[in-house]
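Model the placement of chain R on the given structure of chain U, informed by the hints.
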Amino acid sequence: MSHKVLLNSKEVNITLHRLACQLIENHDDFSETVLIGIQPRGVFLADRLAQMLREDYGINNIQLGHLDITFFRDDFRRGEKPLEANKTTIDFIVEDKNVVFIDDVLYTGRSIRSALTAIQSFGRPKNVELLTLIDRRFSRHLPIQPNYRGRQVDAIDKQKVKVNWIENDGEDSVYLVDK
Amino acid sequence: MSELSVNHLLGIKYLSKEDIDLIFETADQFKEVINRPIKKVPSLRDITIANLFFENSTRTKLSFELAEKRLSADVINFSASQSSVKKGETLIDTVNNILSMKVDMVVMRHPNPGAGVFLSKHVNASIINAGDGAHEHPTQALLDSYSIREKLGSVEGKNVVIVGDILHSRVALSNIYALQLQGANVMVCGPKTLLPKYIKELGVKVETNLKKALEWCDVANMLRVQNERMDISYFPSTREYTQQFGVNKELLDSLDKEIVIMHPGPINRGVEITSDVADSKQAIILNQVENGVAVRMAVIYLLASKIKQ
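So the protein lines, in turn, are chains U and R.
Taking full-length UniProt numbering, I'd label the letters of the first sequence as residues 1 to 179.
Taking full-length UniProt numbering, I'd label the letters of the second sequence as residues 1 to 309.
Simulated from the structure, these hints should not be mistaken for lab results.
Note that the coordinates shown come from a computational prediction; the quantities given were computed from them, not determined experimentally.
C-beta atoms are modelled at their ideal positions from N, C-alpha and C, and glycine is treated no differently.
Treat each hint with caution, since some may be false.
[Said to hold, decoys possible] Computed beta-carbon distance windows for the label pairs: (1) U:Arg-78 x R:Asp-276: 49 to 55 Å; (2) R:Ser-16 x U:Lys-4: 40 to 46 Å; (3) R:Ser-57 x U:Asp-56: 25 to 31 Å.
[To be verified] Simulated crosslink set (BS3-like; lysine-lysine; CA at most 25 Å straight-line): (4) U:Lys-87 x R:Lys-39; (5) R:Lys-69 x U:Lys-87; (6) U:Lys-126 x R:Lys-39; (7) R:Lys-40 x R:Lys-102; (8) R:Lys-211 x R:Lys-151; (9) R:Lys-31 x U:Lys-81; (10) U:Lys-81 x R:Lys-308; (11) U:Lys-81 x R:Lys-17; (12) R:Lys-151 x U:Lys-87; (13) R:Lys-31 x U:Lys-87; (14) R:Lys-306 x U:Lys-81; (15) R:Lys-69 x R:Lys-281; (16) U:Lys-87 x R:Lys-102.
So here's chain U without its partners, still in its complex pose (with noise of 0.2 Å):
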């Protein structure tokens, strides 16, 4: 198995700041602004940029939650492994906000059509945008594409893109893996 270094420790954290001042650029105080990590992976990258935002660039009132689209995913019964959930943490009305979905890997695009689903039950956005960490081009089923992405990549389907994070895999870095 080869594998290909996207990004390392330096390059993530730098990318990170970068996406950071993206949403502050387009969300101001976000006041009327809600990160959503979605589940399992993308909530290392929200909970991340959270903390970014809230230690670097001084904005206290940030609204943080995790969704878990098990549930709304359109291939129940479909694949080989049982679906399994996780957390959602939301403990807040998303109706009239502004929600940023945040994930680590955007690839078909279905997960991101589940969440768009899923967030309904938290009542009706103003507007709902995609964070993304690795744009994977080319490859998308649904029409569906990132507002703020980190890299944008070509990956063939016989790989993977696997993100990692500090806090559960020991190291910041994005590798390319021949499966």
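Frame of chain U; chain R shown alone:
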């Protein structure tokens, strides 16, 4: 583990500890779902479930139906009183007729013990036992354990007494299996006439003095006196039963600890527990009802995920 070891829920007897853990972890997520402004998920939109009730039920049927609808399944209801069962049709024929209409899952309550097991061997659908005679009522036991876990943190090591009519109770038998599987200590307490002769062989403690039982336990599950199942008199009078096996506020206050009071419903207020106990904060009776929907959603979801397309 992310998959149940069984294709049907016929009784707790057929489950493993891992199965119960998986059901509870999934139920945690569904409990969050049913507390959202919009309490519905689309997972089972291509699944049809038949609720077959050959015996009266209000809350179990409501709870199952709500669980099914919150998962977006299509639901058909059937009760024996309006059906061709009265015209002499057999159980297998009735169910096969319903399955011909492309039904994927059957939730069944039946007065005969083993009806679910029998059906699972003869028809091609996933079966959930919603109570079969005096045999098992697995989803009730699961929601009882789930409620204990929620209130006390875990079931393991807890002392649980089941009080009342053990002889006629499927809730008691399923609870004994479920609690023991999770490492709880189980005691049964009731008049000798309502304790099955060989109950000790299940590894439970037996006590006929309610005060002693309550002093021992962390949780007391008060069963209803099932007058409709009693063909002879098992105790002299309801008043005498209440005096010996009814829980009231004074009795609870006389204990040196606060125990949790549970009841599967429907309550006979003033018989097995008094109103002030049923409405006190020690009682988690309404939490049990809420948890019932979440646990049933988890069971249906996990079984449905094993139905191949």
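Cross-check of the supplied hints:
no.: 1; hint: U:Arg-78 x R:Asp-276: 49 to 55 Å; in the structure: holds, 53 Å
no.: 2; hint: R:Ser-16 x U:Lys-4: 40 to 46 Å; in the structure: holds, 43 Å
no.: 3; hint: R:Ser-57 x U:Asp-56: 25 to 31 Å; in the structure: violated, 59 Å
no.: 4; hint: U:Lys-87 x R:Lys-39; in the structure: holds, 15 Å
no.: 5; hint: R:Lys-69 x U:Lys-87; in the structure: holds, 21 Å
no.: 6; hint: U:Lys-126 x R:Lys-39; in the structure: holds, 21 Å
no.: 7; hint: R:Lys-40 x R:Lys-102; in the structure: holds, 23 Å
no.: 8; hint: R:Lys-211 x R:Lys-151; in the structure: holds, 23 Å
no.: 9; hint: R:Lys-31 x U:Lys-81; in the structure: holds, 24 Å
no.: 10; hint: U:Lys-81 x R:Lys-308; in the structure: holds, 12 Å
no.: 11; hint: U:Lys-81 x R:Lys-17; in the structure: holds, 21 Å
no.: 12; hint: R:Lys-151 x U:Lys-87; in the structure: holds, 19 Å
no.: 13; hint: R:Lys-31 x U:Lys-87; in the structure: holds, 11 Å
no.: 14; hint: R:Lys-306 x U:Lys-81; in the structure: holds, 10 Å
no.: 15; hint: R:Lys-69 x R:Lys-281; in the structure: violated, 30 Å
no.: 16; hint: U:Lys-87 x R:Lys-102; in the structure: violated, 33 Å
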